[in-house]
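> Okay, here's what each chain looks like letter by letter:
Protein chains: 2
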Amino acid sequence: MSETVAVIGAGLVGSLMTLGLAHRGYNVTLIDMRPDPRKTSNKSEKNLRSINLAVSDRGIRALEFVDKEMSERVLKDIIPMHGRMIHTLDGKQESQIYGLFGEHINSIDRGKLNEHLLDEIDLFNENSENSNKIQCIFNHKVAGLSFNTSFAKIKLINGDDKDNDNEIEKNFDFIIGADGSYSNIRYQIQKYIRMNYQQEYIDKCYLELYIPPGENGSFLIDPNHLHIWPRKEFMLIALANEDGSFTSTFFGPWKLTETLNKRELIEPFFNDNFPDAVKLIGMDNIVRVFKENPKGALMQVTCNKYNYSDKAIIIGDASHSMVPFYGQGMNCGFEDVRVLLQLLDKSTTREVAFDSYTESRHEDLKAILKLAIDNYNEMSTKVISSAYLFRKTLDSLLGKLLPKYWIPLYTMVSFRGDIPYSECIRREKRQQTILKIVETSLIGMCAIAGWWKYRKST
Amino acid sequence: MSETVAVIGAGLVGSLMTLGLAHRGYNVTLIDMRPDPRKTSNKSEKNLRSINLAVSDRGIRALEFVDKEMSERVLKDIIPMHGRMIHTLDGKQESQIYGLFGEHINSIDRGKLNEHLLDEIDLFNENSENSNKIQCIFNHKVAGLSFNTSFAKIKLINGDDKDNDNEIEKNFDFIIGADGSYSNIRYQIQKYIRMNYQQEYIDKCYLELYIPPGENGSFLIDPNHLHIWPRKEFMLIALANEDGSFTSTFFGPWKLTETLNKRELIEPFFNDNFPDAVKLIGMDNIVRVFKENPKGALMQVTCNKYNYSDKAIIIGDASHSMVPFYGQGMNCGFEDVRVLLQLLDKSTTREVAFDSYTESRHEDLKAILKLAIDNYNEMSTKVISSAYLFRKTLDSLLGKLLPKYWIPLYTMVSFRGDIPYSECIRREKRQQTILKIVETSLIGMCAIAGWWKYRKST
Numbered sequence: 054m055s056e057t058v059a060v061i062g063a064g065l066v067g068s069l070m071t072l073g074l075a076h077r078g079y080n081v082t083l084i085d086m087r088p089d090p091r092k093t094s095n096k097s098e099k100n101l102r103s104i105n106l107a108v109s110d111r112g113i114r115a116l117e118f119v120d121k122e123m124s125e126r127v128l129k130d131i132i133p134m135h136g137r138m139i140h141t142l143d144g145k146q147e148s149q150i151y152g153l154f155g156e157h158i159n160s161i162d163r164g165k166l167n168e169h170l171l172d173e174i175d176l177f178n179e180n181s182e183n184s185n186k187i188q189c190i191f192n193h194k195v196a197g198l199s200f201n202t203s204f205a206k207i208k209l210i211n212g213d214d215k216d217n218d219n220e221i222e223k224n225f226d227f228i229i230g231a232d233g234s235y236s237n238i239r240y241q242i243q244k245y246i247r248m249n250y251q252q253e254y255i256d257k258c259y260l261e262l263y264i265p266p267g268e269n270g271s272f273l274i275d276p277n278h279l280h281i282w283p284r285k286e287f288m289l290i291a292l293a294n295e296d297g298s299f300t301s302t303f304f305g306p307w308k309l310t311e312t313l314n315k316r317e318l319i320e321p322f323f324n325d326n327f328p329d330a331v332k333l334i335g336m337d338n339i340v341r342v343f344k345e346n347p348k349g350a351l352m353q354v355t356c357n358k359y360n361y362s363d364k365a366i367i368i369g370d371a372s373h374s375m376v377p378f379y380g381q382g383m384n385c386g387f388e389d390v391r392v393l394l395q396l397l398d399k400s401t402t403r404e405v406a407f408d409s410y411t412e413s414r415h416e417d418l419k420a421i422l423k424l425a426i427d428n429y430n431e432m433s434t435k436v437i438s439s440a441y442l443f444r445k446t447l448d449s450l451l452g453k454l455l456p457k458y459w460i461p462l463y464t465m466v467s468f469r470g471d472i473p474y475s476e477c478i479r480r481e482k483r484q485q486t487i488l489k490i491v492e493t494s495l496i497g498m499c500a501i502a503g504w505w506k507y508r509k510s511t
Numbered sequence: 054m055s056e057t058v059a060v061i062g063a064g065l066v067g068s069l070m071t072l073g074l075a076h077r078g079y080n081v082t083l084i085d086m087r088p089d090p091r092k093t094s095n096k097s098e099k100n101l102r103s104i105n106l107a108v109s110d111r112g113i114r115a116l117e118f119v120d121k122e123m124s125e126r127v128l129k130d131i132i133p134m135h136g137r138m139i140h141t142l143d144g145k146q147e148s149q150i151y152g153l154f155g156e157h158i159n160s161i162d163r164g165k166l167n168e169h170l171l172d173e174i175d176l177f178n179e180n181s182e183n184s185n186k187i188q189c190i191f192n193h194k195v196a197g198l199s200f201n202t203s204f205a206k207i208k209l210i211n212g213d214d215k216d217n218d219n220e221i222e223k224n225f226d227f228i229i230g231a232d233g234s235y236s237n238i239r240y241q242i243q244k245y246i247r248m249n250y251q252q253e254y255i256d257k258c259y260l261e262l263y264i265p266p267g268e269n270g271s272f273l274i275d276p277n278h279l280h281i282w283p284r285k286e287f288m289l290i291a292l293a294n295e296d297g298s299f300t301s302t303f304f305g306p307w308k309l310t311e312t313l314n315k316r317e318l319i320e321p322f323f324n325d326n327f328p329d330a331v332k333l334i335g336m337d338n339i340v341r342v343f344k345e346n347p348k349g350a351l352m353q354v355t356c357n358k359y360n361y362s363d364k365a366i367i368i369g370d371a372s373h374s375m376v377p378f379y380g381q382g383m384n385c386g387f388e389d390v391r392v393l394l395q396l397l398d399k400s401t402t403r404e405v406a407f408d409s410y411t412e413s414r415h416e417d418l419k420a421i422l423k424l425a426i427d428n429y430n431e432m433s434t435k436v437i438s439s440a441y442l443f444r445k446t447l448d449s450l451l452g453k454l455l456p457k458y459w460i461p462l463y464t465m466v467s468f469r470g471d472i473p474y475s476e477c478i479r480r481e482k483r484q485q486t487i488l489k490i491v492e493t494s495l496i497g498m499c500a501i502a503g504w505w506k507y508r509k510s511t
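Taken in order, these protein sequences are the chains called A and B. Using our numbering, the letters of the first sequence map in sequence onto residues 54 to 511. Using our numbering, the letters of the second sequence map in sequence onto residues 54 to 511.
Calculated directly from the structure, the hints in this document are not laboratory data. Source: prediction; values computed, not measured. It cannot be assumed that every hint is accurate.
Since the list can't tell identical chains apart, any single copy or any two copies may satisfy a pair.
Within a straight-line C-alpha distance of at most 27 Å, the following computed BS3-like cross-link-like pairs (lysine-lysine) qualify [as the list claims (entries may be wrong)]:
#, residue 1, residue 2
1, Lys244, Lys348
2, Lys92, Lys194
3, Lys206, Lys194
4, Lys358, Lys308
5, Lys194, Lys208
6, Lys358, Lys348
7, Lys194, Lys244
8, Lys244, Lys419
With the sequences and hints as input, model every part of the structure.
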């Protein structure tokens, strides 16, 4: 008989993991405390605080690893973004291309991608060979979790049942926690293992804004760029949606953002700092969002280890919640799925696979969390510094001249999923050392040339 | 009407906080999920994993701040420890005195101190003026916690009630979480505030051993020292109890300790490393403890912030669990009580007091956690290094010569509760810089003197 597994969390990572396991013959039960997002009407509320996603190589690789055809279906609505579009204070737009050879990241709507993945689960079940291998239980909360030597026992409570009268108990061979930053499964397995754990809020919050489509669903700014209004302590970004609209996000310090609570304060702030964005979003909408919408917190979560023997493991945001500034949260979560499935495929026992995952994955997860937090500074400040642009030009030049030996950091992280995150950081350190030498030599050579010219002229 | 407060956790810190608040006129309800320790017969099990405590200046100061006479009563059984007694591998004992002017720390039984504090609560209630201002609810677990603008609502479940049928709901003006390293209150208030949080296990576990009294309750080794068998990667310590016995604790790496699971392995390990301790404890007892008793984990917990507006605050291990190597866990927790009570006494509102606590206390708590973890190396390794002993001698000499300007670190932490922990670290940094210069000068002077003597003799 096939082994039974419960995947907790029917978000992006949990849904992909469910498909990956089902393809391998496991009997998967996918459990989520929220209702099926395809059946809930309350869509606007759902999306109030969801940052648009950028899917890149690591995410696509993982989707293809699970099922190549499925990957094509779920990614059919993506919009390629070839670079950043920097909006300067005087209203100019400057394009900074991401890839050296035309590579691009892709804007995608989180909600839609999630629904596509859930549709894929239905499609999988409809295939007569699979005989409903996947069972989905929405609207049920994990109220308890316990383990013995042979199985994991889950107590489920129906979210509609206010009196908690109807607890369901289910046993599984193992469970996978993909239940997000505030993971209940992570909390539960801490009772069984000595888990190092850290959660840290950064002093920034975010608010989501909306740029409506132009006439006939046209885009008011270039859809194939990730738009940034970099203003150091705060910034605005925008990613295209397929209907011609953009999802825009304001990031700023809590203190500043909380003071922007009246039209008299919000109006001058936006007019001074984002005059061109005001025209796109509309001042009334900005004022309404700042006054009414809940501000999102930004938290980094790290932990170690990730598994309790062969009984439980956590993946995705449950094990590594990161700030969104490198656009890698989902990509990294999807990579978790690929890495774990590959380990399950090749290991003699599930315990070996889970232990190997904990051992090998931690360094990479630490690396991407550091890259994510550091990238706020890059997006909000450095992108307008000429020293940064000079070095970036050199970096790209070397990458084009020596593609085998020199790969810019952004390329490694976003377009080269074959290079582990930790290796990206190691290579980048070496490259930065060389870049500094090259820069210094260039400056030296210019100085000598200048002196030579001066001498000749006198 | 007086304000109502629930203190969660009737351990050392919670009990002292309860007394402190009651003295200030609050109506205090002290809640603990465990039964009243004075009424439970299962004492041996209770103490299987409790390290003996050393109470020092900060702890005593806080007890006296709450009630000077109470302090004298609860500390009547303490045994002064004037220094460390180092047990070398060849069975020699070397005393290293803690204080410069006769100061000492004090061995105390955690269980007894806890019972004394609970007795003090009864004594307080018996005073007719106080008319049972303190209510104790044992054996009740906090099953839920919620806040609104005017009060904190706690749901309590009786621990004996297996079906959780009889939930009690109680409202309080505010609550104080003193519920230890695995604090439930800390977890609950994270739903209301952005709390940075970190828990980290060190790669050491501990097992408690027992040195019985000699004839007629005599002490087999000097009771007025903290005994240490320093063996680098692992060590043994022992603190005296008033009945002539010692509570001894083995600290070692998890991997090593877990392999010591058979008599054939435990016997040679102890005979090789702690021959004199084997005679005191008895090999059969050592083997039984290593084979049967649960190993204790050692975890550090830090968080920030500590309060949710004026509604809730966490103190003691709930907010700063530390490894036991500086003997400051309880002392620091008691100091929390003093600091918080002083802030409540002088602040205009409770919110101001709680916010000030979070702001001012964090640096000190970070400091003592760092000192605690660093001190493992001092206790287990440095105490037998001659370079360390040389510097310590200089340090003490300067401390005796210049008592106003020079205070050795150990003295500041353990005997000078008027110096905040963070200030201890700052002063120690300056002193270490000077010590290095003095050392280098001394070595230089010796070299010159030697050269001079050599020159004169030739």
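> Would you pick out the hints that fail for this structure and give their numbers low to high?
none
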